[in-house]
Amino acid sequence: MDTFINILEAMAREMVAPTTAAVAIAVIGLNVHFGFTGLLNMGQAGFMLLGAYGFAISIVRGVPLPVAVLIGFGAALVFALILGIPTLKLRGDYLAIVTISAAEIIRFMGRLSILTDFTGAAQGIPGSKYRDPFTNLSFFGDGSTDLGFLNYSNTGVNGWWVRFVAWALVAVCALLVYLLVRSPWGRLLRGIREDEDAIRSLGKNVFAIKMQALVIGGMLGALGGMVYVLPGSVQADALGRSMTFFCYTALLIGGAATVFGPILGSIIFYTARIFVKSVANAYVPDSIMSSQETEAFSYIVVGVILMLVVIFRPQGILGNKRELQFNV
Amino acid sequence: MSEQTTTPSLADPEARRRLMSEVDATPGSKKPDPILVVNNIVRQFGGMTAVNVDHLEVQRGIITALIGPNGAGKTTFFNLITGFDKATSAGKGAHWSFEGKVLDKTSASSVARSGMVRTFQLTKALSRMTVMDNMMLGAQDQAGENLLKSMFKPLWSRQEKAVEEKAMELLERFNLLEKRNDFAGSLSGGQRKLLEMARALMSDPTMIMLDEPMAGVNPALTQSLLGHIQSLRDEGMTVLFVEHDMHVVRHISDWVAVMAEGRLVAEGSADNVMSNPAVIDAYLGAHHDTDLGAEEVSEEALAEIIEEVAAMEAEQENEPEGGTPDADRGAEEKK
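From first to last, the protein sequence lines are chains A and B. Numbering follows my numbering, in which position 67 of the first sequence is assigned residue number 67; successive positions increment by one, without gaps. Numbering follows my numbering, in which position 96 of the second sequence is assigned residue number 96; successive positions increment by one, without gaps.
It should be emphasised that the hints constitute simulated quantities derived from the structure, not laboratory data. Mixed in with the good hints, there may be bad ones.
[To be verified] With a straight-line cut-off of 30 Å between C-alpha atoms, the simulated DSBU-like cross-links for lysine-lysine are:
id: 1; chain 1: B; residue 1: Lys166; chain 2: B; residue 2: Lys101
id: 2; chain 1: B; residue 1: Lys30; chain 2: A; residue 2: Lys89
id: 3; chain 1: B; residue 1: Lys92; chain 2: B; residue 2: Lys30
id: 4; chain 1: B; residue 1: Lys92; chain 2: B; residue 2: Lys105
id: 5; chain 1: A; residue 1: Lys89; chain 2: B; residue 2: Lys179
id: 6; chain 1: B; residue 1: Lys161; chain 2: B; residue 2: Lys179
id: 7; chain 1: A; residue 1: Lys89; chain 2: B; residue 2: Lys149
id: 8; chain 1: B; residue 1: Lys30; chain 2: B; residue 2: Lys153
id: 9; chain 1: B; residue 1: Lys149; chain 2: B; residue 2: Lys86
id: 10; chain 1: B; residue 1: Lys166; chain 2: B; residue 2: Lys179
id: 11; chain 1: B; residue 1: Lys179; chain 2: B; residue 2: Lys153
id: 12; chain 1: B; residue 1: Lys153; chain 2: A; residue 2: Lys129
id: 13; chain 1: B; residue 1: Lys105; chain 2: B; residue 2: Lys86
id: 14; chain 1: B; residue 1: Lys166; chain 2: B; residue 2: Lys149
id: 15; chain 1: A; residue 1: Lys89; chain 2: B; residue 2: Lys101
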């Protein structure tokens with residue numbers, strides 16, 4: 001019984017983790033792309049990585065925190081423009097091809113040893129180099145607080161402060177997207193998702209609207225990346241292809257084209273993975289599956305869940321089945 | 001001849017007939033008050049020339065039909081002048097203007113904004129949006145479609161209400177009001193045509209271009225669609241439409257332009273055009289009234305064939321195995 005409670009506690013800790021919140025923010029951005037506008041962005045991790053690099057490198061170079069955040073956003077903006085100008089006039093599939101390659105280019109650039117002074121190459125940038133301006137902002141004070149079994153230091157490297165900020169940002173982003181998609185602008189996005197030519201025939205500038213959506217979603221991705229690296233370090237490989245696919249999994253589980261789907265999906269994605277991993281660790285003997293293998297096993301199970309969701313509940317948990325059939 | 005004097009009176013069929021009787025029934029003829037003028041527009045797909053129109057004028061305030069056999073280039077022509085396709089002759093002498101405004105290089109969306117709105121041959125209903133949302137997308141100059149204003153509802157809520165009211169009126173007129181909260185994907189093919197037309201009207205166009213509005217629509221609905229198109233004309237709108245059905249064309253069009261193999265081959269009133277040899281050739285082929293095999297078949301041979309056919313028929317009737325042929329046929333139909 002104790003082990004089971006331990007598993008539940010581990011799941012709860014993962015649920016409130018700042019990385020879960022960070023991914024939720026990136027998924028909210030991806031939802032603007034894929035769910036509302038129908039842009040098949042396969043490089044959301046690239047936006048996240050750019051945001052993280054822009055933010056961390058700026059602070060390491062002595063730029064004040066707010067400017068560093070703006071630089072992170074700016075990097076995503078430029079990236080979105082570079083990707084969008086050639087591809088948004090083409091069919092949707094091309095954007096997928098270009099974004100996945102561009103995200104990989106960013107990752108490999110980050111790993112280049114020639115850029116060690118900036119990106120730390122494969123070693124990455126340790127969190128201690130850029131974290132301080134953020135933790136100094138904390139008004140939570142020192143010491144630690146227990147909330148049931150959740151016991152973290154108030155400020156610290158990975159404490160309540162970063163959790164508070166991360167989840168507050170999730171709420172702000174969700175509100176922002178809610179305000180955007182209920183407006184006529186949001187209606188245009190959905191119209192473009194359904195049929196670009198029809199919208200063009202009604203006199204709307206489809207290219208500009210798609211570009212706006214790409215930029216907004218990309219900036220949310222960058223914000224997610226900045227939050228993601230706060231409790232840890234900037235590692236190019238942590239924000240690679242698999243992160244993009246985690247984002248898609250979370251989005252499809254929660255429900256694309258909904259406001260809360262990305263948040264719910266991210267929470268379910270991470271807690272379900274911890275659940276599978278811990279159960280496998282606790283109840284499957286090491287001779288059959290070592291703890292390293294349970295890690296891989298948990299991703300396999302998540303992959304299977306994604307397939308089942310897309311086949312049997314294409315609209316996700318919160319989606320409206322009539323509105324968002326995945327196969328249309 | 002100014003538009004102020006001619007446009008309102010065009011609701012009267014007699015006035016339209018009088019107006020158009022003065023126009024030469026030749027391809028590319030001058031119109032008294034053209035709203036759309038197209039010059040030297042060529043579109044080639046590889047070696048194939050899909051459209052090659054030297055000159056075409058469309059008269060304001062009437063219904064002009066664009067007809068022609070399959071592959072005549074009607075839809076390509078539509079795509080070219082609405083900015084959905086780029087002319088091969090672009091920059092090499094292709095010019096077209098709408099209400100005096102040159103459109104040579106404009107995008108599809110600015111063509112629509114200038115007042116020329118089109119529909120599509122394959123209906124583009126936005127399936128996963130409600131009928132109402134479909135309609136409201138049609139309205140022009142919405143403040144809420146600006147990204148910066150969209151987040152603040154007070155900036156656009158009043159306009160939104162006005163747009164909604166207008167959409168309700170149009171939906172009522174097109175008998176879609178009860179469907180307003182249904183997804184457009186759940187409408188029938190004919191209803192989608194109606195929705196697309198109504199959506200195009202949300203932008204208050206001066207000219208509406210309908211690409212085969214009657215394709216796949218049942219006869220009863222065709223009647224009401226025709227009524228709608230005529231009432232648009234009577235309100236002063238210019239209509240240009242592509243159609244295959246000759247009855248429809250004869251019934252509602254004030255002027256007919258005929259395309260064949262990418263070229264404009266004839267223009268005129270419906271009756272005039274349909275007796276034009278160039279049009280008959282385009283539709284039926286130049287040798288449609290000559291029997292190609294007539295001289296080879298002698299009378300003797302013909303008699304032989306008749307005998308053979310009679311013998312075969314007699315044979316069939318003498319084989320009533322497993323019931324009469326009629327009964328068999330009936331059983332088959334039931335399957």
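Each hint tested on the structure:
With a C-alpha separation of about 28 Å, the suggested pair B/Lys166 and B/Lys101 falls inside the 30 Å cut-off, and the hint holds. Distance restraint check for B/Lys30 and A/Lys89: the Cα-Cα separation of roughly 38 Å exceeds the 30 Å cut-off, and the hinted pair is therefore not satisfied. Restraint check for B/Lys92 and B/Lys30: the C-alpha separation of about 23 Å stays at or below 30 Å, so the hint holds. Straight-line distance between C-alpha atoms of B/Lys92 and B/Lys105 comes to about 12 Å, which keeps the hinted pair within the 30 Å bound.
A hinted pair counts as satisfied when its Cα atoms are at most 30 Å apart, and A/Lys89 with B/Lys179 does not qualify at roughly 34 Å. At most 30 Å may separate the alpha-carbon atoms for a hinted pair to count; B/Lys161 and B/Lys179 meet this at roughly 19 Å. For the hint pairing A/Lys89 with B/Lys149, the CA-to-CA distance comes to about 25 Å; that is within 30 Å, so the pair holds. Restraint check for B/Lys30 and B/Lys153: not satisfied, since their Cα atoms lie roughly 50 Å apart, outside the 30 Å limit.
Restraint check for B/Lys149 and B/Lys86: the C-alpha separation of about 34 Å exceeds 30 Å, so the hint is violated. With a C-alpha separation of about 16 Å, the suggested pairing of B/Lys166 with B/Lys179 holds against the 30 Å cut-off. Distance hint between B/Lys179 and B/Lys153 is fulfilled; the C-alpha atoms sit about 26 Å from each other, no more than 30 Å. For the proposed pair B/Lys153 and A/Lys129, the alpha carbon gap of about 43 Å is over 30 Å, so the pair is violated.
Taking the CA atoms of B/Lys105 and B/Lys86, the gap is about 9 Å. The hint holds against a cut of 30 Å. With a C-alpha separation of about 22 Å, the suggested pairing of B/Lys166 with B/Lys149 holds against the 30 Å cut-off. In summary, the hint linking A/Lys89 to B/Lys101 is supported, as the alpha carbons are separated by about 26 Å, within the 30 Å threshold.
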